[in-house]
Amino acid sequence: MNPRRKKRLAIVASILIGIGAVAGLVLFALSQNIDLFFTPSEITQGKKETGVKPSIGQRIRIGGLVVPGSVKRDPESLKVSFQLSDMTMPIEFKESDPKVTVYYEGILPDLFREGQGIVANGILADHPPTGLSIEASEVLAKHDENYMPAELAEAAGQKHEKAGYSDKQLQGTK
Amino acid sequence: MWKFLHPYANPETTYHFTNKLLPWLIALAALFLSIGLVWALLFAPADYQQGDSFRIFYVHVPAASLSMGIYVSMAIAALSSLVWQLKLADASAAAMAPVGAAFTAIALITGAAWGKPMWGTWWIWDARLTSELILLFLYLGVIALHNAFEDKNLAGKAAGILTLVGVINIPIIKYSVDWWNTLHQGSTVSKIGKPSMSLDMLWPFIFSFLGFSFLVGVIICLRFRNEILARNSIRPWVRELVEKSVVK
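First to last, the protein sequences are chains H and D. If you read the first sequence in the numbering used here, its first letter stands for residue -7, the second for the next number, and so on. If you read the second sequence in the numbering used here, its first letter stands for residue 697, the second for the next number, and so on.
In isolation and in its complexed conformation, chain H is listed as follows:
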């Protein structure tokens, strides 16, 4: 390589390394804020690195798995409540896991199921009987990266019924 090309390559390479370092530092500094949601254990115990806890009355997003058996739906309306626990791999639910209850009124997304990942946006509250809870204004389903045909899922014991709605529940939503 002749000296002029070498010089140009050195300039380009140093610019790239500089930008890479800057971007790396910025992302490192912002890493807590780039996270889309708090997990239930971060809400109860604070973020792992900084110990920052969201305060009561703050609007936050929570992300977690719907605890099986915790979904309670009002048969007359679209009110629903369920508990979320941390997303862990492999998926398992323990009594001791930190849980946060979510209250919501509205149509749930198609993928909402027990054991499914959910991201809810709402206000953090502290109700004495259930502990920390979220009054959600929006519930989104988080899909995992697994895709499989129905027969395979049944063989693996995966539930896949959708949450249906009765006409009575849907009254007043149209």
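Since the hints were derived computationally from the structure, they do not count as laboratory data. There may be inaccurate statements among the hints.
Selected chain D positions facing chain H (in silico; Cβ < 8 Å) [claimed, not checked]: (1) 813; (2) 864; (3) 881; (4) 882; (5) 883; (6) 894.
These stretches of chain D come out as covered by chain H in the derived footprint (C-beta under 8 Å, 3 or more residues) [unchecked claim]: (7) 739 to 747; (8) 771 to 781; (9) 814 to 820; (10) 871 to 878.
From a predicted model like this one, the values you see are computed outputs, not experimental measurements. C-beta atoms are modelled at their ideal positions from N, C-alpha and C, and glycine is treated no differently.
We have chain H; now place chain D onto it with these hints.
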């Protein structure tokens, strides 16, 4: 080591090379796309949770990974243009930018169309979606710079610098789902070890992915040829070519 590439610094040689390459690319794209898409959209089994909606995967994922792949090739072209001052590298970067922008837009639009029924929202400002949107803006900036200057060399230099600065966004897009928690799911296909997809769903994906890759090859090849002709329009070999085709 790179001696075999030297003749292709000549626009005329490269133009004739793309002529030979093009029919092969068209044939491969037609073959893989027709097999892949028919298989994916009609015969692949439906997903256990998402039903038929998951089939958008076969367009969304190839579009998204090609949007990043095209950007990386554009960055390599920009680097060789800045360091070795290859004029053809500029021409190829200018040919690639709109194709990349189109595929980024396809990835964003198909993603939104899937997100509405599955997640419950068209858009969310999570790390993956936001960084992919930034990629679209980078492409638009590169296209704008290529067209902003009368002098093509100056335009290539300016666009090349933006392209290289923007390359930092590519690992951010790719690893956003691992570094931060996002609504977007993690990688299915490019996971180390076993992909999280059953084989009768994965095979049609491989075919449609190759099909879209060859399609990108065809479009870029066509645009690159036009770019070469436009940039060399006063050269005698281009005039000869034009005269020949007019006489016919």
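Consistency of the hints with the structure:
1. Given the 8 Å rule on beta carbons, the hint for residue 813(D) holds: about 6 Å separates it from the nearest Cβ of chain H.
2. The criterion of a C-beta within 8 Å of any C-beta in chain H is met by residue 864(D), whose closest approach is roughly 5 Å, and the hint holds.
3. Evaluation of the residue 881(D) hint against chain H yields a held restraint, the C-beta minimum of about 5 Å falling below 8 Å.
4. A distance limit of 8 Å between C-beta atoms decides the matter here; for residue 882(D) the minimum to chain H is near 4 Å, and the interface restraint holds.
5. Proximity of residue 883(D) to chain H holds as hinted, the smallest CB-CB distance being about 6 Å (cut-off 8 Å).
6. The criterion of a C-beta within 8 Å of any C-beta in chain H is met by residue 894(D), whose closest approach is roughly 5 Å, and the hint holds.
7. Residues of the region 739 to 747 of chain D with a Cβ under 8 Å from some Cβ of chain H number 6, which satisfies the need for three, so the listed coverage holds.
8. As drawn, the region 771 to 781 of chain D meets chain H at 4 residues by the rule of a beta-carbon pair under 8 Å; at three or more, the given contact holds.
9. Residues of the region 814 to 820 of chain D with a Cβ under 8 Å from some Cβ of chain H number 5, which satisfies the need for three, so the listed coverage holds.
10. Only when three residues or more bring their CB closer than 8 Å to a CB of chain H does the claim for the region 871 to 878 of chain D stand; here the count is 4, and the claim holds.
Hint compliance for this structure: every hint is met.
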